[in-house]
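Q: In order, the protein sequence lines correspond to chains A and B. Going left to right, the first sequence walks through residues 1 to 143 as the numbering used here numbers them. Going left to right, the second sequence walks through residues 1 to 143 as the numbering used here numbers them.
Hints are not guaranteed to be accurate.
Remember, identical chains collapse to one label, so a pair may be satisfied in a single copy or spanning two.
[As the list claims (entries may be wrong)] Straight-line distance between alpha carbons at most 20 Å, and here's what the computed EDC-like set of lysine to aspartate or glutamate pairs gives: (1) Lys128 x Asp109; (2) Lys128 x Glu86; (3) Lys48 x Glu86; (4) Lys51 x Glu102; (5) Lys25 x Asp109; (6) Lys120 x Asp100; (7) Lys120 x Asp109.
Don't read these hints as lab results, they were simulated from the structure.
2 protein chains.
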Amino acid sequence: MLSNSAKYALKAVLYLALHTNEDNKLMVKDIYSRINVPQSYLAKLMQKLSKNGIISSSRGPKGGFYASNQNIDLPLIRVVEVIDGEQRLRSCMLSIHECDSENPCALHDLVGNANSFFIKNLEETTIKQLIGDVKSGKSVLPL
Amino acid sequence: MLSNSAKYALKAVLYLALHTNEDNKLMVKDIYSRINVPQSYLAKLMQKLSKNGIISSSRGPKGGFYASNQNIDLPLIRVVEVIDGEQRLRSCMLSIHECDSENPCALHDLVGNANSFFIKNLEETTIKQLIGDVKSGKSVLPL
DNA sequence: CGCAGAATATGATAAAAATCACATTTCGGA
DNA sequence: TCCGAAATGTGATTTTTATCATATTCTGCG
Ligand code: FES
Ligand code: FES
Numbered sequence: 001m002l003s004n005s006a007k008y009a010l011k012a013v014l015y016l017a018l019h020t021n022e023d024n025k026l027m028v029k030d031i032y033s034r035i036n037v038p039q040s041y042l043a044k045l046m047q048k049l050s051k052n053g054i055i056s057s058s059r060g061p062k063g064g065f066y067a068s069n070q071n072i073d074l075p076l077i078r079v080v081e082v083i084d085g086e087q088r089l090r091s092c093m094l095s096i097h098e099c100d101s102e103n104p105c106a107l108h109d110l111v112g113n114a115n116s117f118f119i120k121n122l123e124e125t126t127i128k129q130l131i132g133d134v135k136s137g138k139s140v141l142p143l
Numbered sequence: 001m002l003s004n005s006a007k008y009a010l011k012a013v014l015y016l017a018l019h020t021n022e023d024n025k026l027m028v029k030d031i032y033s034r035i036n037v038p039q040s041y042l043a044k045l046m047q048k049l050s051k052n053g054i055i056s057s058s059r060g061p062k063g064g065f066y067a068s069n070q071n072i073d074l075p076l077i078r079v080v081e082v083i084d085g086e087q088r089l090r091s092c093m094l095s096i097h098e099c100d101s102e103n104p105c106a107l108h109d110l111v112g113n114a115n116s117f118f119i120k121n122l123e124e125t126t127i128k129q130l131i132g133d134v135k136s137g138k139s140v141l142p143l
């Protein structure tokens, strides 16, 4: 469903959304151990996220990565699409082609609904909304 | 969610359930192109399934793989557990640990329910039940 | 300006998943 | 009994994913 990389990326984005802003940046080395992701692997992921506008960054002294107000208004699905590509999430449970309700595979009824429900949630939920739950203690950002 | 191997295995099991029985066996070379799975890869998967009692086989001339009446009464989850291991399906969406409703991660509410719904279905649906839908044309076994 | 601190770019290595190839064992039938 | 047809066992190769390492570019500050 989600690749390991996508999980890492989501954790990183959420961590940035919780702990940074334009005036309060963080470097990879300050983050990786907090979310339990290998340092240089995380660096690569964050570069990709940054290049695709999911998170922000600035170089040089006083620089680092951060989540801008614009960034945290993005829907979660943007994060996983940048990392995993567009079709992985929408692929059929049995075959390689896209999941297709017009031509449901044998497993489609057992999972298709659940999956499209998940996708819909990812599309409709923004990063900002999600960290609300974490802040209020309703959910947790796991190691 | 499901590995490629698990998808292949499910397709193979369903194909056997649809087209074989004790008196009507099939060899890998008769199957692989019908379900679009590399021949020798499929052979390995079917050995594993056979060794774990998910499907049946007999050697020698007139031999082959088949799905017995016992086999098709198994729940679908047995197939994926044999191929993917027990925990993959139940792992948290954000971390490596098991999904845990007591300690929900930030994504849990968005997906946890959908996922446990899927698992429950895999546990409660037998192979036999599933091929009913295929036979009646309600769903399809895709390439 | 120039230096150090940071992201960025590039590519090498390691591990896991997918795929392929072949030797061995078992079994039915002539 | 023996031969060939089939699964089984073992391991090698390829591809993808995950991880590590290093060189390069940009930028604020003194
Ligand atoms: S068509 Fe296979 S999961 Fe939807
Ligand atoms: S705890 Fe993360 S998906 Fe359930």
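Q: Does each hint fit the structure? Answer for all of them.
A: Structure-based check of all given hints:
{"no.": "1", "hint": "Lys128 x Asp109", "in the structure": "between (32 Å within a copy, 15 Å between copies)"}
{"no.": "2", "hint": "Lys128 x Glu86", "in the structure": "neither (22 Å within a copy, 34 Å between copies)"}
{"no.": "3", "hint": "Lys48 x Glu86", "in the structure": "within (15 Å within a copy, 32 Å between copies)"}
{"no.": "4", "hint": "Lys51 x Glu102", "in the structure": "neither (36 Å within a copy, 36 Å between copies)"}
{"no.": "5", "hint": "Lys25 x Asp109", "in the structure": "neither (45 Å within a copy, 29 Å between copies)"}
{"no.": "6", "hint": "Lys120 x Asp100", "in the structure": "within (15 Å within a copy, 22 Å between copies)"}
{"no.": "7", "hint": "Lys120 x Asp109", "in the structure": "both (17 Å within a copy, 13 Å between copies)"}
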